[in-house]
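Modelling step: build the complete structure from the supplied sequences, incorporating the hints.
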Amino acid sequence: MTKQPLYKYTKVKAPLPVALFSIVAILAFLPSCKPENLKEGAQKEYFDLKGYFEKNIAQLKGQHKKISKTVVHNGVSETRDVEVNNWEAELGAFTESDINKPAWSGIYTKKDSAGAIVYTATDLDLKTRRIIIDKTSQGKIQHIFIYNEVNNALYNTREELNYYPDSVYSINKYQKVKLLGANTYKITGKF
1 MTKQPLYKYT
11 KVKAPLPVAL
21 FSIVAILAFL
31 PSCKPENLKE
41 GAQKEYFDLK
51 GYFEKNIAQL
61 KGQHKKISKT
71 VVHNGVSETR
81 DVEVNNWEAE
91 LGAFTESDIN
101 KPAWSGIYTK
111 KDSAGAIVYT
121 ATDLDLKTRR
131 IIIDKTSQGK
141 IQHIFIYNEV
151 NNALYNTREE
161 LNYYPDSVYS
171 INKYQKVKLL
181 GANTYKITGK
191 F
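Mapping of the sequence shown onto the UniProt record's numbering: position 12 corresponds to residue 12, and the numbering continues sequentially without gaps.
Please keep in mind that the hints were generated in silico from the structure rather than gathered at the bench. What you are looking at is a predicted structure, and each value in this text was computed from that prediction instead of being measured.
Below 25 Å or equal to it, Euclidean Cα-Cα: the simulated DSS-like pairs (lysine-lysine) are: (1) K127 - K44; (2) K111 - K127; (3) K140 - K55; (4) K44 - K111; (5) K65 - K50; (6) K110 - K135; (7) K69 - K173; (8) K69 - K55; (9) K127 - K186; (10) K50 - K66; (11) K65 - K55; (12) K190 - K55; (13) K111 - K135; (14) K50 - K110; (15) K178 - K127.
Using C-beta positions, here's what the derived DEER-type ranges look like: (16) K55 - I132: 15 to 21 Å; (17) Q175 - R80: 21 to 27 Å; (18) D123 - T95: 17 to 23 Å.
Here a beta-carbon is modelled for each residue, glycine too, at the ideal position from N, C-alpha and C.
Next comes the structure, spelled out in structure tokens:
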């Protein structure tokens with residue numbers, strides 16, 4: 001007895017112009033599916049925060065040194081000496097605060113003085129509201145401060161990020177979730 005297939009497939013022939021149009025339409029649509037990022041080597045409108053932290057992460061990976069890490073959650077503190085294996089995750093809040101997106105062109109004001117650069121969001125719907133980059137008189141970065149805030153119907157979050165190269169980083173976060181209450185977190189890592 002010959003086994004019958006469960007389904008019978010029939011081959012449908014599409015006319016050549018319809019097939020070509022379909023292929024062209026798909027190829028034309030694909031580039032619009034990519035996220036908006038600047039092309040490699042393109043001039044950045046604002047300070048390259050992501051690039052800066054990627055360089056620092058590469059240096060930290062090569063050092064393999066332990067850090068003193070303190071985590072405070074709702075007032076309960078714990079400190080440990082740890083070797084960080086994933087610096088991308090450890091400093092992810094900093095790299096995610098990069099403001100160099102084509103859609104955000106002109107949305108941040110820039111105040112430049114001898115000792116600092118300050119970027120401030122003019123649109124309060126943006127998560128990253130302020131970035132302050134303090135520099136030495138020689139132009140070397142000595143401190144980066146980032147203020148992030150998100151307010152919506154479900155939760156409110158405020159985040160203050162501080163980074164002192166080769167010294168310390170801290171992440172202070174306050175989050176209030178509707179029906180669940182508020183939480184505070186503070187993470188400090190000393191190199």
